[in-house]
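Undergrad: Now for the letters of each chain:
Protein chains: 2
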Amino acid sequence: MFRPQIKVCDCTIRDGGLMNNSKFTVETVRSIYKACSEAGVDIIELGYRNSRDHFSPDKYGAWRFCDEDMLKKATDGIPKTAKIAVMQDAHKASGDDVLPKSESIVDLIRVATYVKDVDKAIALANNATKKGYEATINIMAISHVLERDLDEALQQIEAETSITACYIVDSFGSLYSEDIDYLVHKFQRYLRTKEIGIHCHNQMQLGFANTIEAIIKNVNYLDGTLYGLGRAAGNCPMELLMGFLKNPKFNILPILDVIESTILPLRKDMEWGYNVPYMISGMLNTHPIDAMKYVDAQRDNGKVEGFVKFYERMRAEEIST
Amino acid sequence: MFRPQIKVCDCTIRDGGLMNNSKFTVETVRSIYKACSEAGVDIIELGYRNSRDHFSPDKYGAWRFCDEDMLKKATDGIPKTAKIAVMQDAHKASGDDVLPKSESIVDLIRVATYVKDVDKAIALANNATKKGYEATINIMAISHVLERDLDEALQQIEAETSITACYIVDSFGSLYSEDIDYLVHKFQRYLRTKEIGIHCHNQMQLGFANTIEAIIKNVNYLDGTLYGLGRAAGNCPMELLMGFLKNPKFNILPILDVIESTILPLRKDMEWGYNVPYMISGMLNTHPIDAMKYVDAQRDNGKVEGFVKFYERMRAEEIST
Chain A
-14 MFRPQIKVCD
-4 CTIRDGGLMN
6 NSKFTVETVR
16 SIYKACSEAG
26 VDIIELGYRN
36 SRDHFSPDKY
46 GAWRFCDEDM
56 LKKATDGIPK
66 TAKIAVMQDA
76 HKASGDDVLP
86 KSESIVDLIR
96 VATYVKDVDK
106 AIALANNATK
116 KGYEATINIM
126 AISHVLERDL
136 DEALQQIEAE
146 TSITACYIVD
156 SFGSLYSEDI
166 DYLVHKFQRY
176 LRTKEIGIHC
186 HNQMQLGFAN
196 TIEAIIKNVN
206 YLDGTLYGLG
216 RAAGNCPMEL
226 LMGFLKNPKF
236 NILPILDVIE
246 STILPLRKDM
256 EWGYNVPYMI
266 SGMLNTHPID
276 AMKYVDAQRD
286 NGKVEGFVKF
296 YERMRAEEIS
306 T
Chain B
-14 MFRPQIKVCD
-4 CTIRDGGLMN
6 NSKFTVETVR
16 SIYKACSEAG
26 VDIIELGYRN
36 SRDHFSPDKY
46 GAWRFCDEDM
56 LKKATDGIPK
66 TAKIAVMQDA
76 HKASGDDVLP
86 KSESIVDLIR
96 VATYVKDVDK
106 AIALANNATK
116 KGYEATINIM
126 AISHVLERDL
136 DEALQQIEAE
146 TSITACYIVD
156 SFGSLYSEDI
166 DYLVHKFQRY
176 LRTKEIGIHC
186 HNQMQLGFAN
196 TIEAIIKNVN
206 YLDGTLYGLG
216 RAAGNCPMEL
226 LMGFLKNPKF
236 NILPILDVIE
246 STILPLRKDM
256 EWGYNVPYMI
266 SGMLNTHPID
276 AMKYVDAQRD
286 NGKVEGFVKF
296 YERMRAEEIS
306 T
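Here the protein sequences line up with chains A and B, keeping their order. Sequential numbering from -14 applies to the first sequence in the working numbering. Sequential numbering from -14 applies to the second sequence in the working numbering.
Okay, chain A solo, but in the shape it has when bound (with noise of 0.2 Å):
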């Protein structure tokens, strides 16, 4: 039995290019467009749509701004099953750059949110379903929300906005079940008129499981990742979400396909999924940023602290902040 409301999103591109400043060839952002297409995949985010203002082109491929152009070479020939979403960071990104819906192939604006920003991110969302879009509110680093704080971001959203959906994003894979349990009902409670979504990461490899977890207690909007390529331990892998979810209309073969032709090479570059450091970031719930540095220390000269110090590290600056 399949629940046919549910509409799975997959991340490889946007949340990937966290890993390598979303520097990706139009060949492999094409690839997996494809194969996600094949697929049966309900929505693919191609990039963030952020300002160049916050982030200078120098340093970041054309998959953090997913200009129109991009946009159409990754995806020019290839049938469109599938909407197309890019994500606006709430406090990076620029309005200005979302044109009217006639002149983009952009079906989907996602914008990214800590709380504190969450007016920014109404804003973001408001302009985009003015210009005629689909938006949703993604809330970040929701591990490290204040409650009250939540609150009434939730009854803003539900108040404020017409989204179709607001996602909770496990920035720091740190969350386990009774938690999304926990955050699943609240935000039922508060958005009576919106969808409910969910993101996770694998840090302690629960980001597969708490998507389940999600799924049970009636979320519908689910982001996975190729392999799981994403932040640190990256994302819950579509080809496991592929392989829970019954309804027909999914195809796995093209998920493995693409995985073996297209992901696993990009592995000689990028070191995600799951591993000590991670694992210590997401048990202690904190940000990877720290774990990433390890990762990027120990595979570039092999000088790194040992297990132990970085544990003893994150686990005293965690307790100081």
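Think of the hints as simulated: they come from the structure by calculation, not from any bench. Here the structure is a predicted model, which means the values were calculated and not measured. Mixed in with the good hints, there may be bad ones.
One copy or any two copies: either way a pair holds, since identical chains are not told apart in the list.
As the list claims (entries may be wrong) - Distance condition first, Cα-Cα at most 30 Å in a straight line; then the derived BS3-like pairs of lysine-lysine:
#1 K19 / K(-8)
#2 K(-8) / K86
#3 K(-8) / K58
#4 K115 / K65
#5 K19 / K288
#6 K231 / K294
#7 K278 / K86
#8 K68 / K231
#9 K294 / K234
#10 K(-8) / K294
#11 K288 / K253
#12 K294 / K115
#13 K253 / K294
#14 K44 / K171
#15 K231 / K278
#16 K171 / K294
#17 K8 / K86
#18 K57 / K294
#19 K231 / K202
#20 K231 / K171
Position chain B against the provided structure of chain A, taking the given hints into account.
TA: Using the frame of chain A, we list chain B on its own:
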């Protein structure tokens, strides 16, 4: 809040031994035993006590047999804080290989069995308890068991043994949380006088999550391995379990240390952990043997059929069996 009844068993040497024919050096086993002891692990399984009639000592290492002199070499001089366990396979072990408890440093005999061999398992478990050991029965390949056979086996185990615990063993890593929930309730209904245990594999990245699910449902005997070292995608990682359980007697630092010094270096000879062939075998609820051959072939000579063809072949076998 923690549950003092919970007993954690480290199976690194035993389950990891399925990846290298139990050929660990004494130094490796000593390091693991020492680290797990210092970390507060309740039970440390040092290998199999299987029969040389079934396993040639030419092909298999010392930890397939766990002779008492080898166990002494692995543990001498290290303060004993945990129970020492060995495993007997119901269809490949002999009761005669179990000495009277007074002549052994083993505390606990874990009998692994397929449901069809439950009478052999009961005989081995009773042999162990009669000789003065604790015993458990671990029901393997539970995702392939016919419901009626399992019901009958559980009735027998309850009536005919005085084991400490009976384990649900997800050998193929193919169970979802709802399956764990279902099986735990069944075990609890039949096994009124025994504890329930859980042993998970990680083919679908659910080893840790399914262990948590079992904990929530009052399962008290938990298996884990260091960095998940075990057959195919491996097991529930001990480091994650330590992070989840709140019992202050646990100390994660020796676990992190031994993973770095002893476990990670083993990766040059053994490939455990999540990958696409293992994932396919878990998703299709099949024995990982074909996936292990795929992974080995890719490693040794690079000649493999590709993920899509492998999936289609496994799918065909699944349908034909």
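Undergrad: All the hints need checking, so say for each whether the structure fits it.
TA: Tested hints:
no., hint, result
1, K19 / K(-8), "within (18 Å within a copy, 49 Å between copies)"
2, K(-8) / K86, "within (21 Å within a copy, 59 Å between copies)"
3, K(-8) / K58, "within (25 Å within a copy, 57 Å between copies)"
4, K115 / K65, "within (24 Å within a copy, 69 Å between copies)"
5, K19 / K288, "between (40 Å within a copy, 26 Å between copies)"
6, K231 / K294, "between (45 Å within a copy, 21 Å between copies)"
7, K278 / K86, "neither (40 Å within a copy, 51 Å between copies)"
8, K68 / K231, "within (21 Å within a copy, 44 Å between copies)"
9, K294 / K234, "between (49 Å within a copy, 20 Å between copies)"
10, K(-8) / K294, "between (42 Å within a copy, 28 Å between copies)"
11, K288 / K253, "both (19 Å within a copy, 20 Å between copies)"
12, K294 / K115, "neither (51 Å within a copy, 47 Å between copies)"
13, K253 / K294, "both (27 Å within a copy, 24 Å between copies)"
14, K44 / K171, "neither (39 Å within a copy, 57 Å between copies)"
15, K231 / K278, "between (39 Å within a copy, 29 Å between copies)"
16, K171 / K294, "neither (38 Å within a copy, 44 Å between copies)"
17, K8 / K86, "within (26 Å within a copy, 63 Å between copies)"
18, K57 / K294, "neither (48 Å within a copy, 32 Å between copies)"
19, K231 / K202, "both (17 Å within a copy, 26 Å between copies)"
20, K231 / K171, "both (27 Å within a copy, 26 Å between copies)"
The structure fails hints 7, 12, 14, 16, 18 (numbered hints given earlier, in ascending order).
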